[in-house]
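Use the sequences and the hints to build the structure in full.
So the sequence shown is numbered by the working numbering: it starts at 450 and just counts up by one.
No lab work stands behind these hints, which were simulated from the structure alone. Heads up, some of the hints might be wrong.
Stated by the list, open to error - Derived EDC-like pairs (lysine to aspartate or glutamate); straight-line CA-CA distance at most 20 angstroms:
#: 1; residue 1: K524; residue 2: D606
#: 2; residue 1: K524; residue 2: D621
#: 3; residue 1: K524; residue 2: E567
#: 4; residue 1: K524; residue 2: D503
#: 5; residue 1: K524; residue 2: D557
Unchecked claim - Across the chosen pairs, the derived CB separations fall in these ranges:
#: 6; residue 1: G578; residue 2: R730; range: 13 to 21 angstroms
#: 7; residue 1: R484; residue 2: E532; range: 40 to 48 angstroms
#: 8; residue 1: G737; residue 2: E495; range: 42 to 50 angstroms
#: 9; residue 1: E553; residue 2: D503; range: 32 to 40 angstroms
#: 10; residue 1: R484; residue 2: T528; range: 38 to 46 angstroms
#: 11; residue 1: T706; residue 2: R739; range: 16 to 24 angstroms
#: 12; residue 1: G544; residue 2: P493; range: 27 to 35 angstroms
#: 13; residue 1: A536; residue 2: S645; range: 30 to 38 angstroms
#: 14; residue 1: R730; residue 2: D653; range: 44 to 52 angstroms
#: 15; residue 1: E477; residue 2: S566; range: 30 to 38 angstroms
#: 16; residue 1: R539; residue 2: L478; range: 46 to 54 angstroms
Virtual Cβ for every residue (Gly too), placed ideally from N, Cα, C.
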Amino acid sequence: MTSPTVSRVVGKLRRGVVRVPVVRQLDELRYQARRGRHSDAIGPLEAGGHSVLDGLRANGLVRHRFSEELPDPAKAQATRFVERLRAVDRPSVTGTSARIGPEEQLDDPTLYLWGLSEAHLAVAEHYFGLPVRYLGLEVKREFANGEVGDVRQFHLDIEDRRMMKMIVYLSDVTPSCGPFEYLDRADTEAAVDGLSYWSGFVADDRMAAVIPRTRWQSLLGPTYSGVYVDTCRLFHRATPPSTTDRYSMTFSYCSTTPFQVFPEFLQVAERVAGLADQMSRRQRQAVGVR
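What follows is the structure in structure tokens.
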């Protein structure tokens with residue numbers, strides 16, 4: 450597996466080359482050609498997919514309640530993950546959060562396979578206009594320590610031209626519980642121009658200098674509320690919790706031709722291959738299993 454450092458260096462070089470005007474034009478032509486070739490292969494959406502797709506295309510984000518569509522076994526698995534994270538001794542953890550590791554996620558693959566459902570892949574494929582790569586899920590606990598850094602600062606994800614993420618709260622989230630925060634498309638575009646942004650994390654004061662804090666939008670809601678969001682097209686962050694830890698899970702999707710992926714967050718290929726008999730052809734393609 451490629452090391453995280455090498456992956457980041459290669460990805461940054463690729464994105465840097467694409468910023469050169471002539472290269473950017475050629476890359477855009479190749480990108481549109483790939484979408485054109487794939488257009489006839491895109492299948493129909495399942496019920497409910499059209500409203501999500503329309504919202505992603507128009508706004509880059511759709512607020513959603515996942516409580517009804519999450520099957521009981523998936524909810525039970527999510528509850529077990531929360532219990533394991535709640536048992537983590539905070540002083541023993543370096544950083545601002547604790548996570549369920551990729552190996553542990555596959556000890557019971559219920560949630561992993563729910564994220565790999567045909568319905569989710571269909572929405573992502575229509576949105577990208579390209580074959581989908583499923584990057585798996587992240588289950589984490591954000592500590593209420595008020596610390597600001599890394600993903601607790603505004604940023605754009607850099608893996609691809611477009612991404613789709615489903616962020617699902619596993620605890621009730623109020624303003625003091627570290628809600629997902631974002632800028633809408635117009636404010637994101639204004640911030641990119643005003644900051645001459647390319648990549649990296651933006652400190653609050655810098656962002657406030659170009660987009661007033663009153664325009665920053667937070668996602669509040671009960672357990673199992675959440676959002677579909679393109680994190681490559683909207684500035685976003687995990688707000689630092691101040692009073693109560695936040696529990697959440699995030700399912701991530703990109704195209705099969707991204708700029709880069711972060712291998713440290715991917716499930717172990719051999720473990721995923723062991724689930725192949727539970728997958729359709731498209732699902733196997735989405736995780737790179739034959």
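Okay, the hints, checked on the actual structure:
1. About 28 angstroms separates the Cα atoms of K524 and D606, which puts this hinted pair outside 20 angstroms; it is violated.
2. Our distance criterion of 20 angstroms between C-alpha atoms is met by K524 and D621, whose separation comes to about 15 angstroms.
3. Among the hinted pairs, K524 with E567 is consistent with the structure: their alpha-carbon atoms are about 19 angstroms apart, no more than 20 angstroms.
4. Simply put, K524 and D503 have alpha-carbon atoms about 27 angstroms apart, too far for the 20 angstroms limit, and the pair is violated.
5. In summary, the hint linking K524 to D557 is supported, as the alpha carbons are separated by about 12 angstroms, within the 20 angstroms threshold.
6. For the pair G578 and R730, the beta carbons lie near 20 angstroms from each other, so the given range of 13 to 21 angstroms is met.
7. Under the hint 40 to 48 angstroms, the C-beta atoms of R484 and E532, about 43 angstroms apart, fit the expected range.
8. Restraint check, G737 to E495: a C-beta distance of roughly 23 angstroms breaks the suggested window 42 to 50 angstroms.
9. Take E553 and D503: their Cβ atoms lie about 36 angstroms apart, and the range 32 to 40 angstroms holds.
10. Restraint check, R484 to T528: a C-beta distance of roughly 40 angstroms satisfies the suggested window 38 to 46 angstroms.
11. Between T706 and R739 the CB atoms are about 19 angstroms apart, so this pair conforms to the stated range of 16 to 24 angstroms.
12. Take G544 and P493: their Cβ atoms lie about 43 angstroms apart, and the range 27 to 35 angstroms is violated.
13. For the hinted restraint 30 to 38 angstroms between A536 and S645, the CB-CB distance of approximately 45 angstroms leaves it violated.
14. Judged by the Cβ atoms, the range 44 to 52 angstroms given for R730 and D653 holds: they are separated by roughly 46 angstroms.
15. At roughly 32 angstroms, the beta-carbon separation of E477 and S566 lies within the given 30 to 38 angstroms, and the hint holds.
16. Between R539 and L478 the beta carbon distance is about 50 angstroms. The supplied range of 46 to 54 angstroms therefore holds.
Violated hints for the displayed structure, listed by number in ascending order: 1, 4, 8, 12, 13.
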